[in-house]
Amino acid sequence: MDDDTTEVVAGNGLLDRRLFLRGGLAGGTVLLTAKAGGVEREDWMKAPGAPMDEIGEPSPHESHVKRTSVRSSPGTTGTGVSFTPHEHLDGIITPSRLHFERHHSGVPDIDPGRHRLIIHGLVERPLSFDLNALGRYPTVSGINFLECSGNSGAALAPNPVQAPLSAVHGLVAGSEWGGVPLSILLDEVGVKAEAKWIIADGADSPMMSRSVPLDKAMDDALVALYQNGERLRPSNGYPMRLFLPGWEGNMSVKWLRTIKVTDQPAMTKDETSKYSDLQKDGSAKLFSFPMGVKSVITSPSHGLTLGPAGIYQISGIAWSGAGKIARVEISVDGGSSWADAALDQHVLSKSLTRFRSAWRWNGAKSIIMSRATDEQGSVQPSREQLLTNRSPGFFYHYNGIQAWQVAENGEVTNVYV
Amino acid sequence: MSTFRWIATCLAVALGGLVMAEESPMLGEPVDADTLARVDFTILPNGDGLPAGSGTAIRGAAVYQQHCIACHGEEASGGVNDALVGGHGSLATDSPKKTVGSYWPYATTVFDYIRRAMPLQEPGRLSSDEIYAVTAYILHLNGIVEQDAELDAESLPLVKMPNRDGFVWDYSP
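Residue numbers (the working numbering), protein chains in the order written: chain A, 1 to 417; chain B, 1 to 173.
Derived by calculation from the structure, the hints in this document are not laboratory data.
Incorrect hints may appear among the rest.
Per label pair, the in silico range of CB-to-CB distance [stated by the list, open to error]:
no., chain 1, residue 1, chain 2, residue 2, range
1, A, D333, B, N46, 56 to 64 Å
2, B, T35, A, R136, 20 to 28 Å
3, B, D170, A, H346, 27 to 35 Å
Idealized CB from N, CA, C, for every residue including glycine.
Given these sequences and hints, build the entire structure.
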């Protein structure tokens, strides 16, 4: 496309988001004049390729695409995290093998034949379900994000962390989750009128436990059995986990073993001590469940270096625990001007949403950022807004705007603006 | 209409009534009281669910020396892993320190945490008496209970944690 006709929609060369959709970059294709007569074959075209295989593996050339910052608390092996490498991914579905992990004492090796889900408490008839029984229920599936409430906590550091995007924002992932709506099972046990909460326990060695309001459990909670079309992986709760769309990840208790219906929260294990939000006045917010509206540019981002000046795609993910993403705006001039990004076809409730824009980078130092708005009208705050009056002991639910600086040499770093 | 009934209705329409709208598979097995008691770990702040048994900080000190000190340090002051004492009065300052003593609102949660998860490498090995005792020891180190206070299913829920009133619910069902 001729530069003169490329529509600039915001400062510093941000282009019309439809540029790529129109196929406007085709002008760069070189037409071959001399025909070689069809004789050239690359090496891999000269003999039959590899045979079929039972399990498809990623190309060995992609072996650098791995979960990052895999680490455990001192002295432990399984009390820790691993992060999804969004800097290398596209779309809204995270490959299951790259889904982030947060375990409190390792991944249990569960025998699916022996595992049971027992629902009891304030119910007419306590019932126990094995995997076969659950498999006979009508299942539903939905494409939803799962985000650890501690995701992006590294953005609270006084100086920007200089590490790949995933080290800061890699505790979120998108999957298709399939399973039995918890409401069906609760209907079957017969929840008593005074019930208000459920207490979900996992079958891991520290027995993760969270209190979940009954209205959420009856609304869109799943006893998930499948992720991205296959059985859950052990690190994601095999053979069954609770899944609560849009809510802080810790509540989607993995390796789900018991659900006790109660009239009050149990204030379990880490529920008050960890998953609560300290305020400046010393009080703490408890039960801040939905994850806030958020976005991050995944490309370009820290560690991905731009080549020569010219046209680049800007792409990233946006999500909200309150519903669908309504819009994502992009700025390539440090927030002075903004223009809407294009959203990919799948704009789903409580799901990662892929956004894209086009940018004619003139080779000068530039700051790029994205800002999401959800269908409720909530707008992603700036880091500065978010930190105003925030206690240094408030670690969770960080959803501030992420800024990346592109240097003259194309290097991308993390900056605060 | 519940999600299931909705699905059932759709199936009923699609399959010409093979699945009836109000039917539920009912494939759960009944559970007897014995089994329930064994898998029910839930303890409510009012003490509901606490097991029989008791212990004091004096006994708890011995349990702590044997099972906890390697990771949580001398007198629970922190070692390889979290400190379980201190931070009192720090929550509203620029360097808040959240510990069992300064931050946790319910003493029942301390028992719950230890019973579920500690000692990390061998959860489930402490008896109820030992858990009451080591809970008493941690609370005593935080100046919350006397050294000879006997904690059990009756007295533990009555222990008033310093930050008992520090939490505001952000969600009310």
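query = In ascending order, which of the hints set out earlier in this document are inconsistent with the structure?
reply = Of the numbered hints, all hold.
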